Amino acid sequence: MSEKDTPETLELLTFQLADQEYSLDIMSVREIRGWTRTTPLPHAPSYMKGVINLRGTVLPVMDLAQRLGLSPREHTDRNVIIVVNHEESMTGLLVDAVSDIIALTVDDLQPPPEMQPSASQNVVSALTLINERMIRVLDLSTIVSKEQSSAA
Amino acid sequence: MTDSNDPMAEIRASFFIECEELLEALQDGLEALNDGAGDPETINVVFRAVHSIKGGAGAFGLEALVRFAHRFETVLDEIRAGRMVADANALKLFFQCSDHLSDLVRISRDAGTLPEDETSKLLALLDELLGENGAIPEEEEVEEEIDFQPAALSFDLDLGDADEGDALDLLPPLTFDEDEGPRSSRYEITFKPENELYETGNEPFQILRALDEMGECKVTCKTDQVPELASLAPENAYLSWHIELTTDVEEAEISAAFEFVEGLCLLDIKSVDDEDTQEEQNGSEDSTADADPISELTTPAAKVEEVSEPDPIAELSKPAPEATEKVVAPQKAEQKTPTPAAPAKSVVRVDLDRIERLVNLVGELVINQAMLSQSLESSGLSPHSDAMNGLEEFQRLTRDIQDSVMMIRAQPVKSLFQRMSRIVRESSAAVDKDVRLVTNGEGTEVDKTVIERLADPLTHMIRNAVDHGLETTDARLAAGKPAQGQVKLTAAHRSGRVVIEVADDGAGINRPKVLQIAIDKGLIPKDASLSESEIDNLLFLPGFSTASVVSDLSGRGVGMDVVRTAIQALGGRITISSTPGSGTTFSISLPLTLAVLDGMVVQVADETLVLPLNVVIETLTLSNDDVEMVRPGANVVRVRSGFVPLFDLGEELGYRGPIDDYEGSVVLLIAHEDESRAALIIDSIQDQRQVVIKGLDDSFYRAPGIAAATILGDGQIALILDTSDIITNAIGSNISGHSSTVSGATS
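From first to last, the protein sequence lines are chains A and B.
In this text, residue positions in the first sequence follow my numbering: the first is 53, and each later residue adds one.
In this text, residue positions in the second sequence follow my numbering: the first is 236, and each later residue adds one.
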């Protein structure tokens with residue numbers, strides 16, 4: 053990341069979550085699907101919405117807003133599920149709406165100021181400004197990390 | 236694995252697959268010998284297995300493997316020839332050698348480092364064994380002493396020969412009189428290789444040479460089967476040989492020369508001095524003409540004489556006059572294909588990935604079929620319409636296809652059990668205990684994936700049984716038990732599942748000690764009062780196994796949490812039962828296959844769920860009178876004269892709160908392999924059908940009580956319940972205090 057001459061470029065998929073803008077590295081995004089009813093898993097943590105049928109595969113879906121600790125909202129037709137791939141396993145992330153795909157260089161990213169004491173809560177890996185809007189870049193591995201499994 | 240474009244790599248790979256089969260045969264043979272079956276065929280099988288491994292290894296230049304196999308084979312040959320007896324001592328060494336041979340094969344395959352120490356130790360032991368029985372000079376490999384001596388073979392092209400039916404007269408292969416004593420006698424041997432003989436890399440010349448060494452040998456090659464060049468298929472066997480052998484060796488030794496081509500050729504060995512045979516041979520000349528397998532193979536065009544025939548079309552359409560007796564042959568060949576001497580089941584080796592793909596496709600087919608059924612049924616068609624009849628047929632076909640595909644993957648657990656016998660040998664030697672492994676139900680078939688993934692946990696359990704389960708020999712004798720400990724490995728089908736048990740006749744679980752350790756490690760509160768089975772289950776706690784203190788324990792515990800995790804990953808369960816003083820039994824209950832399940836589809840609190848059909852024994856409709864409260868929060872239902880604990884599935888799964896009125900509730904009475912029964916309240920029963928099991932990716936959340944998921948006809952996902960798990964959880968949450976810790980760990 054320190055190569056100043058040829059700054060690494062990356063593309064981000066931006067989306068809305070409770071009036072805030074978030075983004076994910078587009079390389080981890082497999083597809084975007086409309087909202088369908090999930091089959092709930094018993095005794096699951098509240099952010100686990102359940103599972104859906106993704107062309108024959110059972111895909112776990114989590115409510116990203118709830119996962120990030122934002123207040124729960126009503127689902128609308130505009131809600132979509134972003135299917136992401138992390139370390140060979142697929143997960144669906146329920147978001148309010150997908151906004152855009154933006155291209156930028158690593159130099160455009162800045163680390164978030166150190167405010168949060170808990171490392172596990174540190175799901176935002178970087179911040180960037182696009183048209184004067186602040187976009188949070190999410191760290192996917194923290195979101196779908198296995199450490200959450202003991203929550204039950 | 237290897238580059239699939241490299242033909243050599245493929246041949247190599249198939250050699251190693253063959254090795255596995257041969258090692259299995261070797262192991263089987265040794266076990267049979269160990270059990271007192273000393274018949275020549277068993278010894279032959281053992282010898283042949285080692286010999287074939289040696290042969291293949293030689294072709295791939297696996298020197299170490301060849302060297303070891305050769306010495307092993309030499310000793311086995313002594314036993315085969317009756318110059319040595321396979322006593323208990325020798326057999327013990329043979330088992331070790333067989334283990335080592337399989338190590339060498341594995342190492343050669345993975346290009347690992349060879350354990351020279353072990354090899355030379357065993358070689359020395361083999362030599363010692365040979366030495367005791369009178370050392371024989373190290374004979375050189377037959378392969379190494381080949382030098383061509385064309386004079387030994389006369390390619391007799393006398394065409395008049397062709398009609399000499401007697402030379403080609405064939406009796407069933409390998410018939411020889413047992414009571415024939417050794418004497419200098421003359422034999423007539425007819426030897427006709429089948430195509431398979433060449434395909435398996437055998438070389439008739441080697442055999443002829445071996446015969447030549449036995450005495451005076453006159454070999455005549457029959458070339459009358461050779462077709463004209465245009466129709467000659469290079470991979471087909473056309474040549475046969477007539478051999479006149481004057482020798483003083485026994486007939487058995489002559490047939491031994493053909494040992495490796497047994498079943499791959501038509502073979503007839505006749506003692507010419509034996510008048511009866513001679514007579515029969517002459518007398519049966521006419522009648523055997525059409526039964527003669529060689530004649531059957533013969534098409535008129537194949538006759539050598541006809542090479543000179545100018546018109547090839549005439550040749551094909553009209554047989555030459557002198558071949559009249561063989562005109563019938565082609566039809567004959569059609570209706571009765573010549574079978575090799577040993578009609579073995581033909582087996583196809585298939586890449587597991589391909590079967591996996593087929594299984595997945597069939598899974599999709601089942602889901603699609605369900606979707607189609609659902610939409611056709613909801614379209615309001617008459618059940619007697621063509622479409623509905625067709626659907627029924629389609630459903631039946633789908634089911635048949637599914638069953639057949641599943642059968643492809645099913646394999647007997649035998650290979651797994653054989654590996655375990657090695658584990659017992661090694662671990663009992665390591666802890667210096669005399670242990671006998673008894674296996675039962677080796678033929679039980681289980682999905683191949685299950686077998687593969689069962690190997691590690693089972694190894695672990697067997698080691699535990701030998702190390703911790705069984706007492707020392709002194710302790711056993713003091714307790715009035717036989718000195719030899721016993722580990723019993725059993726596989727059986729039980730109510731649609733496979734149950735595998737590892738039982739030892741050791742001291743049983745030392746419960747006070749287990750409890751003390753669990754308290755010391757802070758796994759349970761000091762004042763906990765646990766039932767016996769709860770104490771036994773402490774062995775599965777993850778923290779229990781790590782400390783070195785535990786390995787000194789006479790009970791169990793080393794890594795059992797790992798074992799349980801592996802079993803659960805297969806959709807199975809593991810339970811312990813132990814009787815102090817007389818042993819411990821671990822039983823593993825596994826689904827038959829990882830892909831399909833006969834399920835009961837039910838509705839609970841607006842959710843569709845699937846229960847394995849085999850656990851459901853009865854359905855009931857409740858009235859309030861049937862339900863009795865044992866204590867607050869724990870109800871039982873009266874079923875005829877018995878009481879069965881009652882659980883509300885909707886509440887247990889957290890889908891809704893408790894219901895207060897049981898009147899009219901639908902209840903499923905379920906039973907598990909351990910005979911435990913329970914009643915589950917559901918809202919309604921929808922259907923009974925086959926469902927395709929889809930694994931749940933539990934990488935970041937494992938739902939308690941849920942075994943897997945399936946896709947319904949409408950595309951929705953339904954969860955498949957693990958009823959046993961649900962009840963364990965339910966019981967755990969009903970009892971306060973310590974047991975929540977235990978059940979938390981068992982979930």
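Keep in mind the hints are simulated off the structure, nothing from the lab.
None of these values were measured; they are calculated from a predicted model.
A couple of the hints might just be wrong.
Which chain A residues stay away from chain B? Per the calculated CB distances, all over 12 Å, these [stated by the list, open to error]:
#: 1; residue: Gln72
#: 2; residue: Glu73
#: 3; residue: Asp77
#: 4; residue: Val103
#: 5; residue: Leu111
#: 6; residue: Pro112
#: 7; residue: Met114
#: 8; residue: Glu126
#: 9; residue: Asp129
#: 10; residue: Ser151
#: 11; residue: Asp152
#: 12; residue: Asp160
#: 13; residue: Pro163
#: 14; residue: Pro164
#: 15; residue: Glu184
#: 16; residue: Asp191
Derived, one-sided and incomplete: chain B residues facing chain A with beta-carbon distance under 7 Å [unchecked claim]:
#: 17; residue: Gly889
#: 18; residue: Pro893
#: 19; residue: Ile894
#: 20; residue: Gly948
Sample of chain B residues with no beta-carbon within 12 Å of chain A, all distances over it, derived [unchecked claim]:
#: 21; residue: His335
#: 22; residue: Asn595
#: 23; residue: Gly598
#: 24; residue: Asp709
#: 25; residue: Ala840
#: 26; residue: Asp841
#: 27; residue: Thr843
#: 28; residue: Asn870
#: 29; residue: Ser919
#: 30; residue: Leu931
#: 31; residue: Ala944
#: 32; residue: Thr945
#: 33; residue: Gln951
#: 34; residue: Asn964
Glycine included, C-beta positions come from ideal geometry on N, C-alpha and C.
Taking the hints in turn, this is what the structure says about them:
1. Gln72: holds, 24 Å
2. Glu73: Its Cβ never comes within 12 Å of chain B, the nearest being 25 Å, so this holds.
3. Asp77: holds, 19 Å
4. Val103: Non-interface label fails for A:Val103: nearest chain B Cβ at 5 Å, not farther than 12 Å.
5. Leu111: At roughly 8 Å from the nearest Cβ of chain B, A:Leu111 sits no farther out than 12 Å, so the non-interface label is violated.
6. Pro112: Not fine: 6 Å to the nearest Cβ puts A:Pro112 too close to chain B.
7. Met114: violated, 9 Å
8. Glu126: holds, 19 Å
9. Asp129: Check passes; 19 Å lies beyond 12 Å.
10. Ser151: holds, 27 Å
11. Asp152: holds, 28 Å
12. Asp160: Holds, since 31 Å exceeds 12 Å.
13. Pro163: holds, 26 Å
14. Pro164: The claim stands: A:Pro164 keeps its Cβ more than 12 Å from every Cβ of chain B (closest is about 24 Å).
15. Glu184: holds, 36 Å
16. Asp191: holds, 15 Å
17. Gly889: holds, 5 Å
18. Pro893: It is violated, given that the least Cβ distance between B:Pro893 and chain A is near 15 Å, above 7 Å.
19. Ile894: Constraint on B:Ile894 not satisfied, violated at 17 Å.
20. Gly948: violated, 11 Å
21. His335: At roughly 38 Å from the nearest Cβ of chain A, B:His335 sits farther out than 12 Å, so the non-interface label holds.
22. Asn595: violated, 8 Å
23. Gly598: violated, 8 Å
24. Asp709: holds, 46 Å
25. Ala840: B:Ala840 is in fact no farther than 12 Å from some Cβ atom of chain A, at 10 Å.
26. Asp841: violated, 10 Å
27. Thr843: violated, 8 Å
28. Asn870: holds, 20 Å
29. Ser919: holds, 17 Å
30. Leu931: Given a closest Cβ separation of 6 Å, the condition is violated.
31. Ala944: violated, 5 Å
32. Thr945: The assertion about B:Thr945 is violated, with a minimum of 9 Å to chain A.
33. Gln951: violated, 7 Å
34. Asn964: Since the minimum Cβ distance to chain A is about 9 Å, B:Asn964 lies within 12 Å and the statement is violated.
When each numbered hint is compared with the structure, violations occur for hints 4, 5, 6, 7, 18, 19, 20, 22, 23, 25, 26, 27, 30, 31, 32, 33 and 34.
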